[in-house]
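**Student:** For reference, the chains in residue letters:
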Amino acid sequence: MTRKSIVRNGIAPYQPAPDTRKDGTSSMSANGLLAVFLDARTALLRFLTARGATPDEAEDVLQDIYLKLRSDRSGPVAEPRAYLYRMTANQWLDRRRAAMRRDRREAAWLGDTGDIDDRPAADARLIAADNLSRVRAALDALPARTVEIFQRYRLDAQPQQRIADDLGISLSAVEKHLQRAYATVLAVRRDLDTDSDAQRSLAVKEGNDGD
Amino acid sequence: MATDLSSIETAAIAWHLRLANGDAATWEAFVAWLEADAGHAAAYDAVALADAALAELPAAAPALGVVTPIARQTSRWRPVRWTAIAASIAVAVIVPRGGSNRYEIVTRPGEPRIVALDSATRVALNGNTRMIFDRHDARFSRLESGEALFEVRHDPQRRFVVEVGDDRIEDLGTTFNVTRDGGEVRVAVASGSIVYNPAAEAVRLRAGQALVDSVGDTHVRVAIVDARAVGGWQRGQLRYDAEPLGRVAADLARAVGVPIGVTPELASRPFSGTLIVDRSGPAQLARLAPVLQVQARATRQGWTFERLEDVR
Chain P
1 MTRKSIVRNG
11 IAPYQPAPDT
21 RKDGTSSMSA
31 NGLLAVFLDA
41 RTALLRFLTA
51 RGATPDEAED
61 VLQDIYLKLR
71 SDRSGPVAEP
81 RAYLYRMTAN
91 QWLDRRRAAM
101 RRDRREAAWL
111 GDTGDIDDRP
121 AADARLIAAD
131 NLSRVRAALD
141 ALPARTVEIF
151 QRYRLDAQPQ
161 QRIADDLGIS
171 LSAVEKHLQR
181 AYATVLAVRR
191 DLDTDSDAQR
201 SLAVKEGNDG
211 D
Chain L
212 MATDLSSIET
222 AAIAWHLRLA
232 NGDAATWEAF
242 VAWLEADAGH
252 AAAYDAVALA
262 DAALAELPAA
272 APALGVVTPI
282 ARQTSRWRPV
292 RWTAIAASIA
302 VAVIVPRGGS
312 NRYEIVTRPG
322 EPRIVALDSA
332 TRVALNGNTR
342 MIFDRHDARF
352 SRLESGEALF
362 EVRHDPQRRF
372 VVEVGDDRIE
382 DLGTTFNVTR
392 DGGEVRVAVA
402 SGSIVYNPAA
412 EAVRLRAGQA
422 LVDSVGDTHV
432 RVAIVDARAV
442 GGWQRGQLRY
452 DAEPLGRVAA
462 DLARAVGVPI
472 GVTPELASRP
482 FSGTLIVDRS
492 GPAQLARLAP
502 VLQVQARATR
512 QGWTFERLED
522 VR
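Respectively, the protein sequence lines represent chains P and L. Here this note's numbering is used: position 119 in the first sequence is 119, and no number is missing along the way. For this note's numbering, add 211 to where a residue sits in the second sequence, where the first one is 1.
Quick caveat, the hints were computed from the structure, so don't treat them as lab data. The C-beta atom is built at its ideal place from N, Cα and C for all residues, glycine as well. Fair warning: there could be bad hints in the mix.
[Said to hold, decoys possible] Across the chosen pairs, the derived CB separations fall in these ranges:
1) L38/P x A231/L: 45 to 53 Å
2) P501/L x G52/P: 30 to 38 Å
3) A247/L x R162/P: 30 to 38 Å
4) P159/P x P501/L: 50 to 58 Å
5) G32/P x R450/L: 37 to 45 Å
6) R46/P x I219/L: 19 to 27 Å
7) N232/L x R46/P: 42 to 50 Å
8) I435/L x I169/P: 48 to 56 Å
[Unchecked claim] Partial list, computed: chain L residues near chain P (C-beta under 8 Å):
9) S218
10) I219
11) G233
12) D234
13) A235
14) W238
15) A240
16) L245
17) V414
18) H430
19) V436
20) I487
Just chain P, with the same shape it has in the complex (with noise of 0.2 Å):
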């Protein structure tokens, strides 16, 4: 990891180049990866755009990364063209999902309330809480193995070779494992969508004034 300077009490001292050492080598830096990023930008301007970006929005995306590239602080990247995609597919989903809590359907999901109906609260994480109790139960009529697979996936981020070393098992094993765990959520997650949408029409149609 990079290190940074410490000051005390406020007074900054002479900050040397960040990317160089003591030592006189230097590592893939803010400043390498900067570079990798303006050689990438046309691939990831692509990327973006397949994945349903409009030319603005896509901009915007790239014009963020860019910022943060130049006020990282982070060590050595192995792998930096990777690394700078897997940073644009994140940014790209925040940014999704930051829209997404003003739509209707996404709000319901995360149990907010926002300014979309007039659901109390408590309502709102009931619905919330219902949701995840789906999902889990989804989950826990899974087999065993599959569970605890999903689980160090997804909740100690372990990688999938590591989980396959672990258990004994194939890597593939692993991804069907997990194949499965997602299709279970992606399915609660579709019912539950249609559920609400449902729910919604009917709201309409009744003229809901709020309950």
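Got chain P sorted already, so can you dock chain L onto it with the hints?
**Tutor:** Same frame as chain P, now just chain L:
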């Protein structure tokens, strides 16, 4: 409930798993797959959003171990007898199964909780805080977001560790407070000492010292604080010495239990003083607003702090 997915949805999941550790070539192949058919992008979107939503759903499950709500303590220093609370108290915990030893605790805004990791190690989580612990390792914790006050039994053979993002705090026999809000990490020591990022900056903090490590800064800033004020949130006391109003708002949001927005020009305005907060809820913001020299206004999404002159 049908779990039959189309072949496109199955392929989308497969891509999602492959991309986790994928190299540049994998990503480029993924882009080609996305471009091959309009349905591919939509299917992948659903997977990515579902995965992200998993991380953010609030949890509701039976309590795990000794998890107690915090009573207003008059003094943090007096030893407190911890009593196990009935498991019927709804504490936000995700209980893993199978081989995973880790579990996550999420507190709701305005609802702090205490977790006892062993007989002499306690972590007080503030409201709106997310932490991960390990059932088989009482010396491990991870602060994902929010704020926690740690009272740690000292063991020179096995230091207590708090992971905060990529940063790391190791106790050297301590009571210390850690906050993680977005890109900023703050650590303040009430007693004993800690070392911050022992493998990198290796900042050693004693009682009465605090640091701020912000992702935008190139320095870690160390300052002197009043040791008695560290972790004051647990006693309903928030004390500031020329700190940005944005930070005050974030702390108040945790204490009072509502989101609080600050207009951009106010966010960096320095505030010095002590705020007393209680459990009465957001209405007390109206009382606190003059102290902060703002106008506090309730909106549907929460509260906002605005300049006094902007009042219509």
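**Student:** Now, for every hint given, state plainly whether the structure supports it.
**Tutor:** Here's how the hints hold up against the structure:
no.	hint	result
1	L38/P x A231/L: 45 to 53 Å	26 Å, violated
2	P501/L x G52/P: 30 to 38 Å	48 Å, violated
3	A247/L x R162/P: 30 to 38 Å	32 Å, holds
4	P159/P x P501/L: 50 to 58 Å	53 Å, holds
5	G32/P x R450/L: 37 to 45 Å	42 Å, holds
6	R46/P x I219/L: 19 to 27 Å	21 Å, holds
7	N232/L x R46/P: 42 to 50 Å	22 Å, violated
8	I435/L x I169/P: 48 to 56 Å	55 Å, holds
9	S218	12 Å, violated
10	I219	12 Å, violated
11	G233	6 Å, holds
12	D234	5 Å, holds
13	A235	4 Å, holds
14	W238	4 Å, holds
15	A240	11 Å, violated
16	L245	4 Å, holds
17	V414	6 Å, holds
18	H430	4 Å, holds
19	V436	11 Å, violated
20	I487	25 Å, violated
The structure fails to meet hints 1, 2, 7, 9, 10, 15, 19 and 20 from the earlier list, while all remaining hints are met.
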